Structures are given as structure tokens and as C-alpha cells.
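K.L.:
Working from the sequences, and respecting the hints, build out all of it.
Heads up: the sequence shown begins at 57 in the numbering used here, then just goes up one per residue.
Possibly wrong hints are sitting among the right ones.
Restricting the straight-line Cα-Cα distance to at most 25 Å, the calculated cross-link-like pairs of lysine to any residue (SDA-like) are [stated by the list, open to error]:
#, residue 1, residue 2
1, Lys511, Leu481
2, Lys82, Ala60
3, Lys216, Glu252
4, Lys511, Asp212
5, Lys216, Gly513
6, Lys216, Met516
7, Lys511, Asp209
8, Lys586, Leu611
9, Lys82, Val72
10, Lys586, Glu544
11, Lys586, Ala309
12, Lys586, Met308
13, Lys82, Pro227
14, Lys216, Lys511
15, Lys511, Asp551
16, Lys511, Tyr240
17, Lys586, Gly575
18, Lys479, Gly513
19, Lys216, Gln512
20, Lys511, Gly470
21, Lys511, Asp546
22, Lys216, Gly168
23, Lys479, Leu504
24, Lys586, Ala348
25, Lys586, Ala313
26, Lys511, Gly497
27, Lys479, Asn210
28, Lys511, Glu544
29, Lys82, Leu124
30, Lys511, Pro482
31, Lys479, Pro438
32, Lys511, Phe480
33, Lys586, Ala596
34, Lys216, Asp243
35, Lys479, Gly514
36, Lys479, Arg468
37, Lys479, Ile208
38, Lys586, Leu548
None of these hints come from the bench; they were simulated from the model.
Quantities reported herein were computed from a predicted structural model and do not represent experimental measurements.
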Amino acid sequence: LGRADDMTINANLIDVASGRVVAASKARGPDVFVLVDSISSDLSAQILGAAVEPTEFASVADVTTENLEAYRAFQLGLQAQRRFHLEEAFEHYQRAVTLDSTFALAQLRLAGLAFDSGDLSTGLTALRAAEDNRERATGRDRLYLDGLLARIDNDDVAAKEAFTALVRLYPDDKEGRMALWQFYEGDSEERRVLMEEAIALDPLFANAHNELAYWHARNGNYETADSIIHIYAELEPEEPNPLDSRGEILEMAGEHARAREAYREALQLRPDFSVSLNHLARSWILFENRPAEAVAELEPYTRDSIAAVRIHALSLTRDALLAAGDIDAGIEASRRAAAEAAAVGDSRGEVQIIQTLLPTQMALGDFDAINGALGRLQLIDPLNAIGPFFGFAALGEQGQVAAMEALGGLIRGGVSQTPQMTKFLPIVTDFIAAEIAYYRGDFERSALMADSVRKQGGMMRLGNFSEIRSLLELDRAEEVLRQARQLEGDALRADGGRVDPVPLRQAYYYQARAYEQLGDTAQAVMLYGKMLDGWEDAAARMPGLSDAPDRLAALQAGS
Numbered sequence: 057l058g059r060a061d062d063m064t065i066n067a068n069l070i071d072v073a074s075g076r077v078v079a080a081s082k083a084r085g086p087d088v089f090v091l092v093d094s095i096s097s098d099l100s101a102q103i104l105g106a107a108v109e110p111t112e113f114a115s116v117a118d119v120t121t122e123n124l125e126a127y128r129a130f131q132l133g134l135q136a137q138r139r140f141h142l143e144e145a146f147e148h149y150q151r152a153v154t155l156d157s158t159f160a161l162a163q164l165r166l167a168g169l170a171f172d173s174g175d176l177s178t179g180l181t182a183l184r185a186a187e188d189n190r191e192r193a194t195g196r197d198r199l200y201l202d203g204l205l206a207r208i209d210n211d212d213v214a215a216k217e218a219f220t221a222l223v224r225l226y227p228d229d230k231e232g233r234m235a236l237w238q239f240y241e242g243d244s245e246e247r248r249v250l251m252e253e254a255i256a257l258d259p260l261f262a263n264a265h266n267e268l269a270y271w272h273a274r275n276g277n278y279e280t281a282d283s284i285i286h287i288y289a290e291l292e293p294e295e296p297n298p299l300d301s302r303g304e305i306l307e308m309a310g311e312h313a314r315a316r317e318a319y320r321e322a323l324q325l326r327p328d329f330s331v332s333l334n335h336l337a338r339s340w341i342l343f344e345n346r347p348a349e350a351v352a353e354l355e356p357y358t359r360d361s362i363a364a365v366r367i368h369a370l371s372l373t374r375d376a377l378l379a380a381g382d383i384d385a386g387i388e389a390s391r392r393a394a395a396e397a398a399a400v401g402d403s404r405g406e407v408q409i410i411q412t413l414l415p416t417q418m419a420l421g422d423f424d425a426i427n428g429a430l431g432r433l434q435l436i437d438p439l440n441a442i443g444p445f446f447g448f449a450a451l452g453e454q455g456q457v458a459a460m461e462a463l464g465g466l467i468r469g470g471v472s473q474t475p476q477m478t479k480f481l482p483i484v485t486d487f488i489a490a491e492i493a494y495y496r497g498d499f500e501r502s503a504l505m506a507d508s509v510r511k512q513g514g515m516m517r518l519g520n521f522s523e524i525r526s527l528l529e530l531d532r533a534e535e536v537l538r539q540a541r542q543l544e545g546d547a548l549r550a551d552g553g554r555v556d557p558v559p560l561r562q563a564y565y566y567q568a569r570a571y572e573q574l575g576d577t578a579q580a581v582m583l584y585g586k587m588l589d590g591w592e593d594a595a596a597r598m599p600g601l602s603d604a605p606d607r608l609a610a611l612q613a614g615s
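P.N.:
Here's what the structure looks like:
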């Protein structure tokens with residue numbers, strides 16, 4: 057009703073079977089699309105229940121499904137993901153794409169979560185479906201899809217361009233800002249402005265308050281950060297993540313004991329909130345260098361009535377034991393976690409645990425264990441793409457270059473014949489070439505092809521670090537330092553705030569080797585000492601690290 061510059065829309069949702077009005081909404085203003093968005097959000101909250109706030113809903117222009125149940129599942133998935141209940145989000149997205157096989161945005165969200173958890177089969181299938189259904193989406197949705205697809209391809213330039221265009225063309229879109237701010241440094245003004253704009257668009261946007269609190273903490277404004285976290289907690293009552301965020305901000309301020317209290321409070325709300333369990337273990341392992349305390353703190357969770365909690369606690373116990381240099385006990389904890397996952401039918405969890413242990417087995421040169429793990433992966437997940445690459449690297453470590461070349465050919469053939477993976481064939485080809493060149497002793501070609509892989513987006517680390525070793529052979533110490541520092545950063549940010557102890561010690565070792573080449577004895581001695589601290593017995597069992605004590609002794613004698 058009304059005129060072009062002042063319209064009113066009254067909407068009644070009627071159950072045609074009974075004639076009863078089950079929901080109603082009204083909106084007034086000059087823009088018909090904004091009115092429809094407003095009514096859609098209002099009605100959706102009424103239909104889907106009080107668990108979902110109206111502000112959590114995407115604009116109607118973003119909805120790429122006509123299936124109400126698929127839409128409900130997608131919105132519940134978004135809400136769960138924002139609250140960091142990732143397993144719940146995964147299940148909701150799976151339901152959404154089952155109900156509507158053309159729902160591209162849900163497929164892409166599912167792919168992202170699957171890739172993050174190491175479930176490549178689900179991830180690749182969902183990614184291919186999202187690409188196939190892209191053209192069905194609206195203009196706004198296509199930009200969002202293009203940005204997410206570019207992120208998955210590790211093309212941050214294209215992703216940033218897509219999200220920047222989204223914010224420019226749709227200035228009312230808070231989701232675009234949420235996606236765009238990740239491309240700016242954590243303490244940058246651009247990031248702060250985007251978060252404040254998102255809050256101005258939606259004062260109830262809880263995640264924007266969370267990110268803004270982190271921004272202030274990174275800039276040393278801890279009191280401001282804490283006050284914003286309190287707003288976040290008010291917007292998300294009875295949710296654990298505000299407490300977890302408060303813990304991380306306290307960590308930034310150096311208050312580690314208070315941070316652990318915040319993590320424990322989060323876990324009292326939800327023992328299965330794995331992020332807080334990660335951070336609690338990390339606090340002891342990394343910031344206090346007391347892994348035995350982490351083992352003790354985790355022990356009650358290894359006996360929890362919830363299987364997912366027991367499995368995750370055992371997996372974290374593995375991290376603590378490896379950090380303490382108790383390799384056998386760490387591996388045993390990981391095997392117990394995998395056995396628990398198998399016993400309750402959690403195949404995704406079992407796959408993730410096996411894949412997490414493979415780099416440690418590679419470092420130990422335990423090729424029988426690697427072969428056994430790869431056989432189990434093949435049985436659980438025949439489409440798993442990670443396993444064959446570890447088998448490929450293991451052949452190289454054993455000097456079986458001809459067998460390695462044959463397996464490389466099979467891997468390329470499998471990629472070229474798998475529709476979900478065909479787009480990755482060029483990067484897989486260069487990766488295989490780089491690995492084979494290293495084991496042939498052609499270090500120049502290995503480094504060249506590895507650089508090509510990195511420029512195309514990079515691939516998984518296999519625990520053999522052929523590129524870093526090639527660069528060491530070529531006396532390219534500055535490049536070794538860059539690669540080893542990246543390895544250190546990855547090890548300190550492993551899987552949602554965990555610490556991966558074996559790659560972390562390997563990163564210290566390779567940095568020390570680089571400083572040796574550069575003639576910086578003081579830095580090399582410091583890093584060898586850091587790498588060997590409480591770890592001499594463990595290093596002695598790892599062929600790639602076992603010379604560290606002799607190198608350290610020689611440097612100390614020379615100085």
C-alpha cells in the first residue's frame with residue numbers, strides 16, 4: 057500500500073489447511089526490497105523459533121533456496137558456526153544440502169568446514185556442487201560465493217576483490233564486512249572500521265563485538281577489550297565463546313592463570329566446547345612450558361561421559377606428551393583417541409586423528425606405522441586424498457625413487473579422473489615434480505617447482521620438508537628462515553588454537569641451520585637450545601633432527 061516514496065507491506069502467513077494465521081509482520085519505507093528483507097527476517101524468526109535471532113538472518117536477496125527446511129538448517133548452521141559449535145554447524149549444513157542439492161551457499165559453507173577438519177572427500181564433493189550451482193545464485197550471493205571459492209583456492213587477492221565489491225555494491229551487508237575484515241592485519245585501522253560499520257548496521261551482531269574486542273586487545277587496550285567482551289556475553293548468554301575470548305584477551309595481557317579460569321568457566325557451560333579445551337592445554341604447554349600440568353588438567357576429560365569430549369581430550373593429551381618429549385606415550389594417546397572414535401562410529405574424527413599423527417611418524421621414520429595408518433585411511437575413506445601423498449613421501453625417505461615415481465603417476469591419474477579434484481591437477485603435478493627432484497638430488501629443480509606450488513596456493517606439509525632441505529643444500533639461508541618461521545607459526549596455530557609440538561621443534565631446528573649458514577652463531581645456539589630443551593631423547597629418535605646436539609656442541613666450542 058502507499059506510494060513510491062512511502063510504502064507499507066502487511067504480510068500474513070496462513071496455514072492453508074486450517075486457515076489460521078501462523079505469523080504476521082508489517083514494514084514501512086521507500087525501498088520495497090528493504091521492506092521484503094525486513095519482513096522475511098521477522099517472519100523467519102517467528103517460524104523457526106526463538107533460538108534464532110532475526111539479526112542472524114541473511115537478506116532475502118541472499119537466499120538461494122526455496123526449501124524452507126533447507127533454509128532453516130542453513131541458518132541454524134550459520135548460528136552454530138558463529139558460536140564455534142563446528143560439529144553442529146557441519147550437521148546443519150549437511151542437512152541443508154540434502155534437502156536442496158542446488159543450495160550453493162550451504163554447499164560452500166559445508167566444504168569450508170570439511171576442509172578445516174581434514175574431511176577432503178566431503179569438502180571436494182561440496183565444493184564441486186557449489187561451483188556447479190553458482191549461476192543459480194543472486195548477484196549478491198555470487199559475489200559471496202566467489203570470495204569463498206577464492207579463499208579455498210588460496211587466492212587472497214581475488215577473494216578480497218570479491219568481498220570488497222560486495223560491500224561496495226551492497227552497503228547494508230554486514231556479512232560482507234565480516235568476510236572482508238579477515239584480509240587486514242589484526243590491529244589495522246581498516247579492520248576496526250569494518251567491525252564498527254557492521255555493529256552500526258546491526259547493534260546485536262555478536263561476532264562483530266567479539267572481533268572488535270580482539271582488535272582493542274591487539275592494540276594494548278585491554279580494559280576496552282574486556283568491556284566489549286561483556287557486551288558480547290550479554291548478546292550470547294549461556295554461550296561459552298565469550299568466556300573463551302575473554303581468556304585469550306587475558307593471555308594477551310600476560311595473565312595466564314586468569315585466562316585458564318576463563319577457559320574452565322567456558323567448559324563448565326559446555327564440556328564439548330573443544331576450542332576452550334585447546335586453549336587450556338595450550339596455556340600449560342606453550343606459555344608455562346609445563347606439559348605435565350596439561351596432562352593432569354586433561355585427565356578428567358578423558359573419562360567424560362560424552363564420547364567427543366573423551367576423544368578430543370586424548371588427542372590433546374597426545375600434544376602435551378609430545379611436547380614433554382615422551383614420544384611413545386604421545387603416540388599411544390593418539391591411538392587411544394582413534395580407537396575411541398572408531399568405537400563410536402566417528403569416522404571423520406578418526407580420519408583427523410590419523411592424519412594429525414602422520415607427520416610425527418614421518419619424522420620418526422616409522423614407515424611400518426605410516427603404511428598401517430594409510431591402510432586404515434583407505435578403508436574408512438576411499439576418496440581421501442592426503443594418505444597417498446604421505447605414502448609417496450615415505451617412499452622417497454626410504455630411497456625408493458622409482459616406486460615414488462610410479463605412485464606419483466597413479467596420484468596424477470587419480471586426480472585427473474576425479475571430477476572434484478581435476479582443478480587441482482596443475483598444482484599436484486608440480487608438487488610431485490618437486491618431491492621427486494629432491495630425492496633425485498636435483499635441489500635446484502626441487503626448489504623451483506616448490507616455489508611454483510606456493511604461488512598456486514600451496515599444499516599440505518608431509519613432515520619431510522623437502523623444500524626447506526633443498527634450500528639448505530643450496531645455501532639459501534634467508535629463504536629457509538622464511539619457510540621455517542611459517543612452519544613455526546602453523547605449528548603454534550594448529551587446529552583451532554592447539555600446539556603441534558613436533559613441527560614446532562622442527563621449525564626451531566631449521567631456523568638454527570639457517571643461522572649457521574648466515575654465520576650468526578648466537579642465534580643458532582639459542583635455537584638449537586630451544587629445540588633440544590627437554591627433547592634430547594626425542595630428537596635422537598628422529599633422523600632429521602638427531603645431529604642437533606653435535607651441531608650445538610660444535611658451535612659452543614667454536615665460540
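K.L.:
All hints, please: hold or fail.
P.N.:
Hints and how they fare:
Of the supplied pair hints, the one linking Lys511 and Leu481 holds, its CA atoms being roughly 14 Å apart against a limit of 25 Å. The suggested pairing of Lys82 with Ala60 holds, with an alpha-carbon distance near 17 Å, which does not exceed 25 Å. Restraint check: the Cα-Cα separation between Lys216 and Glu252 comes to about 19 Å, which is no more than 25 Å; the hinted pair holds. With a C-alpha separation of about 11 Å, the suggested pair Lys511 and Asp212 falls inside the 25 Å cut-off, and the hint holds.
For the given pair, Lys216 sits about 15 Å from Gly513 by alpha-carbon distance, which is consistent with the 25 Å threshold. Taking the CA atoms of Lys216 and Met516, the gap is about 23 Å. The hint holds against a cut of 25 Å. Simply put, Lys511 and Asp209 have alpha-carbon atoms about 11 Å apart, close enough for the 25 Å limit, and the pair holds. For the hint linking Lys586 to Leu611, the alpha-carbon distance of about 15 Å falls within 25 Å, and the restraint holds.
For the proposed pair Lys82 and Val72, the alpha carbon gap of about 20 Å is at most 25 Å, so the pair holds. Of the pairs offered as hints, the one joining Lys586 and Glu544 holds, with about 13 Å between alpha carbons and a cut-off of 25 Å not exceeded. The straight-line distance between the Cα atoms of Lys586 and Ala309 is roughly 24 Å, inside the 25 Å bound, and the hint therefore holds. Proximity of Lys586 to Met308 is assessed by CA-CA distance (about 22 Å); at most 25 Å being required, the pair is judged to hold.
A threshold of 25 Å between alpha carbons decides the hint, and for Lys82 with Pro227 the separation of about 23 Å falls inside it, so the pair holds. Between the alpha carbons of Lys216 and Lys511 the distance comes to roughly 17 Å, so the proposed pair stays at or under 25 Å and holds. The hinted pair formed by Lys511 and Asp551 meets the criterion: a straight-line CA distance of about 24 Å does not exceed 25 Å. Restraint check: the Cα-Cα separation between Lys511 and Tyr240 comes to about 20 Å, which is no more than 25 Å; the hinted pair holds.
Between Lys586 and Gly575 the alpha-carbon distance is near 18 Å, which keeps this suggested pair within the 25 Å criterion. Only pairs whose Cα atoms come within 25 Å are accepted, and Lys479 paired with Gly513 is accepted, the gap being roughly 12 Å. A C-alpha spacing of about 17 Å is found between Lys216 and Gln512, which places the hinted pair at or below 25 Å, so the restraint holds. The straight-line distance between the Cα atoms of Lys511 and Gly470 is roughly 23 Å, inside the 25 Å bound, and the hint therefore holds.
Under the criterion of a C-alpha separation no larger than 25 Å, the hint pairing Lys511 with Asp546 is consistent with the structure, at around 18 Å. Under the criterion of a C-alpha separation no larger than 25 Å, the hint pairing Lys216 with Gly168 is consistent with the structure, at around 17 Å. Taking the CA atoms of Lys479 and Leu504, the gap is about 21 Å. The hint holds against a cut of 25 Å. At most 25 Å may separate the alpha-carbon atoms for a hinted pair to count; Lys586 and Ala348 meet this at roughly 18 Å.
A threshold of 25 Å between alpha carbons decides the hint, and for Lys586 with Ala313 the separation of about 24 Å falls inside it, so the pair holds. Distance check on the hinted pair: Lys511 and Gly497 sit about 23 Å apart at the alpha-carbon level, within 25 Å; holds. Between Lys479 and Asn210 the CA atoms are separated by roughly 13 Å; this keeps the pair inside 25 Å, and the hint holds. Distance check on the hinted pair: Lys511 and Glu544 sit about 20 Å apart at the alpha-carbon level, within 25 Å; holds.
Straight-line distance between C-alpha atoms of Lys82 and Leu124 comes to about 20 Å, which keeps the hinted pair within the 25 Å bound. Taking the CA atoms of Lys511 and Pro482, the gap is near 12 Å; set against the 25 Å cutoff, the hint holds. Proposed proximity of Lys479 and Pro438 is supported: the alpha carbons are some 20 Å apart, at most 25 Å. Straight-line distance between C-alpha atoms of Lys511 and Phe480 comes to about 13 Å, which keeps the hinted pair within the 25 Å bound.
Between the alpha carbons of Lys586 and Ala596 the distance comes to roughly 15 Å, so the proposed pair stays at or under 25 Å and holds. A distance of roughly 18 Å separates the Cα atoms of Lys216 and Asp243; the hinted pair therefore holds under the 25 Å criterion. Note on Lys479 and Gly514: the hinted pairing holds, with a Cα-Cα distance of about 14 Å set against a maximum of 25 Å. Taking the CA atoms of Lys479 and Arg468, the gap is near 12 Å; set against the 25 Å cutoff, the hint holds.
For the suggested pair Lys479 and Ile208, the alpha carbons sit about 12 Å apart, so the restraint of at most 25 Å is met. With a CA separation close to 15 Å, the supplied pair Lys586 and Leu548 stays within the 25 Å bound.
The earlier numbered hints are all upheld by this structure, with none contradicted.
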